[in-house]
Every structure is written in C-alpha cells, then in structure tokens.
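So the protein sequences, as listed, match chains G and D.
Residues 1 to 116 in my numbering are what the first sequence lists, from first letter to last.
Residues 1001 to 1115 in my numbering are what the second sequence lists, from first letter to last.
Any given hint might turn out to be false.
In silico BS3-like pairs for lysine-lysine, Cα to Cα no more than 25 Å straight-line [to be verified]:
#1 D/K1070 / D/K1018
#2 G/K3 / D/K1057
#3 D/K1053 / D/K1071
#4 G/K3 / D/K1055
Sample of chain G residues at the chain D side, in silico, Cβ under 8 Å [said to hold, decoys possible]:
#5 E44
#6 F91
#7 G102
#8 K103
#9 F106
#10 G107
#11 Q108
Rather than coming from a laboratory, the hints here were simulated on the basis of the structure.
Backbone N, C-alpha and C fix where the C-beta goes; we use that ideal spot for every residue, glycine too.
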Amino acid sequence: AQKITQTQPGMFVQEKEAVTLDCTYDTSDQSYGLFWYKQPSSGEMIFLIYQGSYDEQNATEGRYSLNFQKARKSANLVISASQLGDSAMYFCATKGRLPSYGKLTFGQGTILTVHP
Amino acid sequence: DVKVTQSSRYLVKRTGEKVFLECVQDMDHENMFWYRQDPGLGLRLIYFSYDVKMKEKGDIPEGYSVSREKKERFSLILESASTNQTSMYLCASSSVGHPSGNTIYFGEGSWLTVV
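Could you build the full structure based on these sequences and the hints that come with them?
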C-alpha cells in the first residue's frame, strides 16, 4: 500500500520568488514513481513532473524541480520564479510497480497563492 | 491531442436518484479510473477498470458501481444518491505501457451536488 502526506494546506509566495511544496511518501514497493500535478480552479489536472525511484538525478521541467530524498522518503516540489498563474492546488502522488494498472495514490493537496 | 471527456461538468440531483457519470477516452487506453476529490482529502480512488467488462474496487467503492461495456467508455453509477456523495468526480485513463513517466490523463471533472 502507498500513502502520500502533504502537510501544508496552504502556502503563500511573492511573485518571482521560489517556493517549496512538501511531500512525504510511504510505500512497500521497491520500484515506484512520484508525480506532481497542478489543479487550477477550473478543475483540470495538469501533469508537472515525474521522478522514478531509481533515478539518480532530481527531475527538472522548466521552472519545476523535484527534490527527491529517498532515505527520508520525501519528494518536494520546488517552483522557481513564481508567477501569478502558478496559483492553484498542487497534488503529490505515487504509483507502485506493475501491475499497478496505473493507479495513483494522492496526497491531500496544497493550495498555493502567488501574491503580486 | 489526447482527450478524456466527462459528459457533465455540473449536475444537481435529488437524494435517492440514480446518477450516471460518463467518461470517454479517445486514446485506446486499457485502464480507466474514477476518483473522487474532497477538500482536505485529496483524490481517492473509487473504482478502476483494466479491460472491457473488468473492474476492481478502489479505496472507497461503497455506494458506487461502474460499467465498462466498451474500451473507450467508463461509467460511474450512484445507485441511490446521498448528500455525502456531493463531490467533484474525476475520470482518468492510462495505457499499460512502460511504468515510468506520465501515462495518466485526466478529464476536466464533474461537480455533483446531491440535495
């Protein structure tokens, strides 16, 4: 079984500053994947970044990077140079090894508000 | 462009009504999922299907059933809607493929209010 914990219900950041959204996970699988999704107020789920458990380097996608610390079971999302459009709900999720059928286990989410 | 389409964005139903939420994907994906999203609880898996006519319970299946008669369509059914099923429902689909990377695509969500 997998579990994701996001301990920050809400975060505030000034435009152009960096922000870190916390995520810790618990899994019994040896091989797993970690995901971050963004959900604007419209409701759609937008994939941001993926990290495999055996990837040695932290994943990066543009302004998004994933700070993966396997021993601490954490997978924090770092957003650099925040923009007003980054205001949204952010979810951390994990997927176990096959045959997981692609099932994701999600955390509670963090609402990020970017101030001008 | 990949697409997961949920038939209704907003629904208001009465307690005791039978409710159908429809989801269609055009990517020939084997797997389809129904999640429920509530504040403070994140997304929780209700049911998923890995093939036509095949289904498995997720974490919160009580009060729900599903139907997958065709590969592209996955329906969530509330047999007798109750007020505690007021929520946002998200459909998703994925291919079997390689287990790494993003292979999961979501619909835009259906906001259901039961009065």
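Violations among the numbered hints, reported as their numbers in ascending order: Failing hints: none at all.
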